[in-house]
Structure formats: C-alpha cells, structure tokens
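J.: Protein chains in written order, with this note's numbering: chain X, 5 to 899; chain G, 110 to 230.
It is worth saying that the hints were derived from the structure and are not from the lab. Hints may contain errors.
What the hints assert, rightly or not - In silico DSS-like pairs for lysine-lysine, Cα to Cα no more than 25 Å straight-line: (1) K717/X - K220/G; (2) K709/X - K219/G; (3) K196/G - K688/X; (4) K770/X - K717/X; (5) K717/X - K219/G; (6) K133/G - K712/X; (7) K196/G - K672/X; (8) K202/G - K676/X; (9) K205/G - K712/X; (10) K133/G - K709/X; (11) K133/G - K717/X.
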Amino acid sequence: MNSYSLVFIIIIYLAVLFYIAFLAEKKRQSKWVNNPYVYTLSLAVYCSAWTYYGSVGIAANSGIHFLPIYIGPVIAAPLWIVLLRKIIRISKHHKISSIADFISLRYGNNRFLGALVTVICLFGTLPYISLQLKAVSETFEIISGDNSYISTVVIDDSTFYVALLLAIFAAFFGTQNTDASEKHKGIVATVALESILKLIFFLIIGTYITFYLFDGTSDIYEKISVSDNFKDLTTLGKVEDGFNWFFMIALSFMVVFLLPRQFQVTVLENNREKHLKKAIWLFPLYLLLFNSFVIFIAWAGKLTFGSTENAEYYTLLLPLEHGNTFLATLVFLGGFSAVISMVVVSTLALSTMVSNNLVIPYGFLDKFIKNQPERNSKYIKTIRRISIFTIIITAYFFYVLFSKALSLYSIGLISFVIISQLAPSFFIGLYWNRGSSKGAIIGMIVGFCIAIYTLVLPFTLEVYSGTDDFRQYGLLGIEALKPYALFGIDFLSPPSHAFFWSMTLNLFCYLTFSLLSKGNYRERNYAEMFVDSKNFTNLQDSALVWKGEAYVTDIKNVLARFLGEQRAARALRIFFTKYELSQDTQLADARLINFSEKLLTGSIGSASAKILIASVVKEEQISLVEVLKILEESKENIVSNKVLLEKSNELSQLTSRLKEANEELISKDRQKDEFLDTVAHELKTPITGIRAATEVIMDDEDMPKEIKAQFLKNILQDSDRLGRLINNILDFEKLETGGLLLDLKEQDIQRTIAKAISSISQIAAKKEVQIVNNNVHSFMLSYDEDRILQVLTNLLSNAIKFCEAKTGKIIVDYKLGNQLIEISVSDNGKGILEEDFLYIFDKFYQSQDQNTRKPEGSGLGLAITKQIVEKHNGKIWAKKDIKNGATLVFTIPFK
Amino acid sequence: MTKKILIVDDEPNIVMSLEYTFKKQGFEVFIARDGSEALEILKHHIPDVILLDIMMPNVDGYQTLSYIKESESLKHIKVVFLTAKNKASDIEKGLKLGADKYLTKPFSVKKIVSEILELVT
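Start from the sequences, fold in the hints, and give me the full structure.
T.: See the structure below:
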C-alpha cells in the first residue's frame with residue numbers, strides 16, 4: 005500500500021472520530037454517552053501503543069515480563085470502590101481539574117506543589133507521547149513499505165502532520181469550556197470507541213495468526229518449545245526476577261491512579277460513582293482479553309522470522325509476510341486508535357495542568373484581574389490550546405532526538421517511574437492528616453532527581469556522548485554511584501532499580517519532613533477535609549479556619565471576571581440562600597471565601613484561585629496559637645454541649661419523677677381525704693346512735709322498761725363500736741407510719757391458730773358457722789403472737805360475716821413452703837367479686853355487693869391485717885379461681 | 110289524717126330511736142335499710158315525707174332521691190337528707206338534687222321532729 009492511500013485512510017478515520025466526538029458533545033445527556041460501559045472503555049486508554057505493540061516485543065525477547073504492567077491494575081481494580089470513590093467525591097466537590105490540582109489542594113492550595121506535580125507529569129508524559137508518535141511513524145513505514153519518512157526535514161515527515169492533526173482534535177474538543185472540571189464527553193466517547201476498535205482488531209489479528217497461520221495454540225507451543233531459550237521465556241527465573249516482578253507490579257499499581265490520562269478518565273470524567281461498580285470487573289476483563297494472544301503472536305513471530313529484531317511489530321509483519329495487506333491495515337488502525345486516545349487524553353490533562361498550575365499562577369494572574377470577563381475566558385482557552393500544541397510538538401521533537409534509539413517498552417517504563425513519584429504524597433495524603441506540603445515537595449524532588457539520574461541520564465548521555473562511560477563507571481568514576489547499580493544493588497533491571505531507589509527515598513523524605521514540620525493552618529484544614537472525607541458534608545465550606553476582612557462586592561467582582569456577571573450573581577444568590585444569609589450581606593465570611601475559591605478552581609486551578617481571592621481579601625495570618633484556641637473552643641463547646649445535654653436529660657428525668665411524685669402525693673392526699681371522711685362517718689354513726697337513744701330515753705319518762713333496756717343496750721353497743729374503732733385507727737396509724745415494733749418470739753403457730761379460733765367461736769356459734777382446724781401439727785416459728793392473732797381473728801370474722809348462717813363452714817389450714825409458712829382461711833360463703841380482688845385490702849373498702857348488715861368491724865380490718873403480715877415480711881392475697889367461697893392466704897417467712 | 114314517714118338508714122340503732130320518736134308523734138312509720146328497700150316500699154305506700162341517709166350499701170341516698178324525683182307519682186314527696194356528710198359541697202349537691210332539707214348527724218331528735226313537722230303541716 006502506498007503512503008498516499010494510507011494517509012487517505014488516516015484522514016477518513018480521523019474524520020469519523022471528529023464526527024463521533026461532535027455528536028457526543030451535542031447529545032451530552034444521552035444514554036449512549038453516560039453509561040458504565042463507556043466509562044469502563046474509556047479507562048482502557050491505559051492500553052496505549054505500548055500495550056498494542058510493545059507487549060509482543062517483550063514477550064518475544066524476554067518472555068512473560070510484559071504481564072506485571074497489567075497485573076498491577078488488576079490488583080488495584082477492587083480497591084477502586086473505596087479509594088477511587090473517595091478521590092472522586094473530593095474532586096467533584098472541589099471542582100478539581102487535574103491531578104496537580106488535587107495534590108496541591110490537599111496540601112493547602114500550595115502553588116509550588118501544583119507546579120512541581122505539573123513538571124513531573126510533563127517529564128513523565130512527554131516521552132510517553134513521543135513513544136506513541138514513534139509507533140505511528142514506524143508502523144506507517146511498515147505498512148506503506150516506504151522508508152522515506154525518515155526525513156531530515158520536519159516538513160516531509162508524515163508523523164509531524166499526524167501529531168498536528170491530533171493536536172487540533174485535542175484542542176478543539178478539550179477546550180470547549182473554560183471550566184476544566186467540566187466533562188469532556190466528546191473525547192471520552194471517541195476514546196471508548198477506540199478502545200473497542202483496538203481490542204477487536206488485536207483479537208482478530210491474534211486469532212488470524214494463531215489459528216490461520218498456525219494450527220492453534222498447542223501447535224505454536226510445540227514448535228517453540230524446541231527452541232534454545234524457551235525455558236527463559238516462560239518462567240520467572242531467579243529471585244532477582246521475582247524482585248523485578250514485584251516492583252513492576254507495585255509500579256503499575258500506582259500509576260493506574262496517577263497517570264494524568266488515567267486520572268482524567270477515571271476521576272474527572274466520571275459521571276456517576278456507581279459506574280465504578282461495573283468498571284472494577286469489566287476493566288480487568290478487558291486487560292485479560294487484550295493480553296490473551298500476546299504470547300502466541302510473539303512465538304509465532306519468532307518462529308516465522310527467527311530474529312526478534314522487529315518483534316514489536318510482529319502483528320503487522322506477520323500478515324504482511326503472508327500478503328494480507330487488509331489485516332495489516334486493520335492492525336495499523338487499531339494501533340493508531342490506541343495512539344490517538346492516549347495522546348489526546350494525555351495532552352488534554354497536561355494542558356489543563358500547564359495552564360492552571362503553571363502558566364496562570366506564575367504569570368497571568370495580574371493580567372486577569374485587570375481584564376474583562378469575556379477576554380479572561382478567551383485567554384484561558386488560548387493558554388490551554390497553546391499548551392496542547394506545545395506539548396505534542398515537544399513530544400515530536402523528543403521522539404526525533406531520543407526515541408528512535410529506544411524500545412517502546414523502555415520509554416513506557418521511564419514514564420511510569422517518573423509519574424510514580426507522586427504516589428507517596430497522593431496516597432498517604434489521603435489517609436494521613438500529618439502529611440505536609442514540605443514533605444511532599446522534598447519527597448517528590450528527591451525521588452524525581454533519582455529517577456532522572458538512574459533512568460533518563462544514562463541513555464541521554466549515551467545518545468549525546470556516544471559512549472557508555474557513565475553507565476559503566478558511574479558519576480566521576482565512583483562505583484557506588486553507578487546509575488544502574490546504586491550502592492551496589494546490581495541485580496535489578498534498570499526500571500526496577502530506579503523505582504526502588506526513587507520510591508524509597510521519596511517515601512523516606514515525605515514521612516520524615518512531614519513529621520518534622522507542621523503545615524500552616526490552611527494546609528491542615530485541607531488535610532483534615534481530604535482525610536476525613538466522610539464528614540465532608542459537615543465540614544464543607546465552614547470547615548475553613550479563616551480570619552480577616554473581606555467584602556462581598558470585591559469577591560463578586562473577582563468571580564465576575566471569570567464567570568461573567570450573570571453567573572457570579574447567580575452563584576452568590578445560591579450561596580446566600582443555602583446558608584440563609586441576607587441577599588445584601590456586606591461582609592464575607594470563611595464560608596464565602598471557600599465557596600468562591602471552589603468556584604474559580606475549575607477555571608484557573610486551586611492555587612490561582614486562592615491567590616486571586618486573597619488579593620481582594622485582607623486576610624490576617626492566624627497564628628498556631630489562635631488555631632489551637634479555635635479548635636480548643638470548639639472542643640470545649642462540644643464538651644459543654646454534651647454536659648448541657650446530660651443536664652437536660654437529668655432534668656427531664658427529674659421532672660418526670662417529680663410529676664410522678666406529685667401525682668402520688670395528689671392521690672395520697674385524696675386517699676387521706678377519703679380516709680378522714682370515712683373515719684368521720686364511722687365515728688359519727690355510733691355517736692349519733694348514742695345521742696339519739698339517750699335523748700329519747702331522757703325525754704320519755706314513761707317509756708316501757710323493755711324498750712328502755714333495748715335503748716340502753718344500743719347505747720352500750722355503739723360505745724363499744726366507738727372504742728373498737730378508735731383502737732383500730734390508732735393501730736392502723738401506728739402500722740402505717742412504721743411506729744409499731746413487733747414482739748418476735750419463737751412459738752407454735754398451731755397454738756396461735758387454736759387461740760384465734762376459740763376467741764371467735766362464740767360469734768361463730770351464734771351464726772351456727774362451723775370452723776375446722778385442718779392441720780393439727782405444731783410448728784415453731786418466730787412472730788409477734790398478738791399481732792398474728794389479730795390477723796387470724798380478722799380473717800375469721802370476715803369469713804363468718806360472708807358465710808350463710810347454719811350452712812357456713814370455715815377451714816383453717818397451713819402448709820410449709822420454700823422458707824415460709826402459708827396459712828389459709830377458706831369459707832363457703834358467696835366469694836369475692838372479681839372487681840374486688842385488688843381492693844379488699846384497702847382501708848375502708850367495702851364491697852358493693854354487701855347486702856348484709858355492716859360488719860362489726862370498722863372497714864380497717866383487712867388493711868390492718870395486710871400491714872401486720874407485711875411487717876412480718878410476708879404477703880397476703882385472696883386466692884383466685886375458687887369454685888365457691890373465698891380463700892384468703894398469708895405467709896410468714898422463717899426468717 | 111295520719112302523716113306517713115319513710116325512714117331510710119342502714120344503722121339499726123339510729124333507726125330505732127327515730128322510729129320510736131315519730132310513732133310517738135303519731136306518724137305512720139316505714140323503715141328501709143337502703144335505697145332499694147325504700148323504692149320497694151314506695152311501690153305500695155306513698156309517704157308524706159322521707160328521711161333519707163346518704164351513705165348506704167347498694168343504692169345510696171343520692172340515687173334514691175334521683176329516682177324519686179324522676180317518678181311522676183313520687184316527686185311530690187318531701188325528702189329530707191339525714192347524713193354524716195356535712196361538707197358544703199355535699200349539702201349543695203343534696204339540695205340541688207331536689208331535697209327539701211339537709212340535716213346532719215349527730216342530731217337532736219327534737220330538732221328533727223320539728224323540722225319534719227314544719228314540712229308536713
């Protein structure tokens with residue numbers, strides 16, 4: 005195929021991608037753009053030309069060493085649910101637009117740190133982009149069979165034009181919005197499409213080679229297994245290889261979070277958190293599929309060509325060897341897709357960093373403050389577009405100068421090691437609030453320098469000086485400083501070695517300087533917000549400790565320069581409504597400062613936002629003492645709130661107890677009134693009788709003798725009743741107030757029962773009621789005999805009262821229970837009404853059903869009985885469910 | 110014409126003194142030990158006056174008076190409460206129910222007789 009038709013195909017293909025990006029931008033809300041599959045496929049931007057071509061090269065040359073780069077992400081994927089969700093939440097909340105922004109914000113909008121991260125990312129990504137361009141140009145050469153592309157003049161080099169086209173694409177779809185934290189749906193959609201294409205094309209060529217050119221996997225295996233170094237290619241080999249594997253897995257584990265393009269697609273372009281759930285299994289599956297044919301293609305190539313000189317391009321060379329130009333073109337397009345996605349997303353991410361974290365905060369801020377809003381937004385976009393072109397063109401020249409001498413694989417690893425220098429401040433900073441900006445900066449610089457010394461410098465010097473003295477003998481000939489074997493560690497591969505040293509020292513510096521230096525209040529604020537992101541919603545805007553003076557109008561002016569009058573006014577309106585502040589608030593508070601910084605972050609980066617807002621705000625430096633005081637105060641508040649809460653709980657408990665006590669008092673008072681009423685009534689009745697009878701006798705001198713005698717007998721009766729009543733009341737009062745002392749003596753209960761029966765036998769005999777003493781065994785027990793006699797007499801007279809005359813029968817019985825004696829008095833009278841069970845022991849309670857004459861007693865009998873029994877620590881009750889009659893039972897415990 | 114009086118009280122000793130006194134005064138005396146007995150008697154005899162205790166078992170004095178005042182044939186009968194309850198609220202309640210007089214225990218027999226005579230002549 006000649007180069008013109010290939011260029012034509014490339015242009016058609018790019019046009020299709022432009023169209024798709026355009027459609028996706030136009031239908032931003034469509035389901036086709038916003039679903040977990042598009043999200044997952046966009047993550048596959050991880051598989052660049054390195055994967056597409058480089059893996060086969062490694063597999064052919066050194067066996068299964070291409071795998072660790074994919075194992076790392078596979079291990080990382082399940083952690084995304086926890087880790088990435090946190091990162092995504094923080095990023096969305098603070099309108100983060102790049103990983104530089106993220107790290108700089110974590111360490112208190114640190115301007116220098118943002119710039120440093122940007123520089124590291126540039127160093128890490130430029131070679132990577134140049135690697136992609138190298139792949140395009142080399143595959144272009146292979147397909148077109150034309151090697152005139154290696155032109156000494158840039159103008160003749162087709163790769164240069166490809167690079168330019170990519171820059172135009174990235175610039176057009178990457179800078180639609182001034183706010184870089186806005187989603188780039190068009191670019192994401194094309195990346196997803198390209199991910200499908202590159203996977204399908206790679207699987208097609210894999211199938212073609214394995215099953216068409218050869219007879220399946222086992223055929224290739226059998227053929228290759230007879231070759232000389234077969235064992236080396238399929239096993240891990242020595243312990244050193246194990247180390248290499250471990251470091252490579254760790255490296256790829258980190259960079260799958262940190263690579264600017266990965267951060268862009270996984271974090272910034274994430275629409276919904278729940279898309280992560282699909283991604284954590286679908287993405288590893290994608291990687292697995294991608295790698296399934298790698299080893300067989302490598303072996304097939306080796307078997308076909310013998311040498312492994314051009315092993316990276318076996319996928320192109322094999323079909324071409326068999327005359328299949330169509331398949332080769334498909335493969336080329338698949339590779340080209342991988343290149344486009346990588347280059348476009350990377351430059352997009354980098355250009356945002358360069359503009360927001362390098363150019364704007366270090367040069368253009370003053371200008372922005374003076375400019376009109378429309379011009380500002382135009383300026384920002386222009387800065388980004390220029391960055392995109394600069395990055396791609398720089399990458400192109402990097403490729404021209406260096407990449408030709410290096411394999412895809414080694415360039416890729418250099419990038420990885422450099423980018424991984426962000427890891428300590430990024431990962432640890434998420435979970436350790438002590439991590440400080442000083443630690444982060446020193447760690448990164450140290451790690452970066454070591455990575456440059458051990459990885460970049462050797463080959464750069466080699467390219468320039470043409471000798472490998474530096475690599476062979478170390479800096480100034482010092483043995484310990486040999487770049488590939490620092491301090492004698494010579495058993496690791498150069499990338500593992502570089503990763504080991506840079507990461508160890510980076511981590512050491514980060515931890516040490518973080519522990520040694522405390523950040524300022526602002527830094528610690530953000531650290532707290534990142535680490536404790538669960539309480540994020542609580543902390544939010546008010547979390548910032550801030551002291552100073554600022555006017556809403558000033559802040560509004562700054563906002564208006566970047567957002568335009570309308571948006572700024574609307575934002576402030578929303579803010580005031582949210583915090584229920586008056587719309588014409590004059591003085592700004594910490595929340596508004598923080599809110600405004602967040603609003604600007606998307607457009608100009610967090611560091612610049614801070615500087616801008618600070619320019620209109622008279623902020624007073626808060627001393628550490630003051631911060632501590634503020635913290636202490638809020639702590640005290642919390643404590644005193646807690647105390648207050650406890651007190652109020654106590655109070656309400658007390659109140660309810662008082663209420664209860666009051667109710668009890670009221671009821672007691674009512675009971676007392678009733679008691680007095682009843683007592684008065686009971687006293688008045690016999691007195692009335694006595695008075696009336698006496699009066700009648702006095703006034704009637706000729707009263708017949710028998711009648712007179714009857715009246716006198718009545719008087720006597722009433723006087724007795726009065727005496728009894730007074731005794732009972734006194735007894736009861738004594739018992740109830742606890743003034744009664746029991747005269748406890750060891751005596752026979754049987755004798756006491758017999759005494760009680762005999763004392764009441766006259767009344768019983770009068771009514772012809774039979775009393776049976778059932779248990780004649782004696783039992784010695786300690787009690788106050790007079791009192792228990794009173795109890796028994798009361799119960800017995802009650803029983804007699806409720807018995808029918810002549811047929812009445814009363815049974816007294818006792819039995820021994822658990823540590824107590826249980827004495828019962830049963831009668832065959834009319835029994836106790838159900839509604840009376842609860843009250844019969846209340847004083848003066850009289851059954852409504854009582855149609856007999858009033859008892860001899862006072863209405864206090866059972867109440868007194870109860871008091872006496874309880875005084876003996878016993879219990880008294882009326883047995884329920886008795887067929888006929890009533891049974892009253894009381895107990896006396898042994899001790 | 111002989112005046113008829115119904116004495117309703119559950120205290121036999123008190124009833125006895127009253128019965129003796131009113132008989133001597135020439136009254137025809139009926140005795141009831143509580144409200145229900147009184148109402149039973151009222152089915153057959155219409156007295157001129159009723160001397161009514163309040164605190165009695167079963168049907169008390171209040172209930173008995175209410176019943177009497179509801180009955181067309183009985184409501185004209187003069188009713189005098191004779192009770193130990195001497196609180197102002199009790200007295201008010203009794204008079205409100207329609208009692209003609211409210212006398213309290215302990216009492217002077219002579220006074221009772223004069224009050225009753227005042228009512229029925």
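J.: Honestly, which of those hints from before does the structure not fit?
T.: 9
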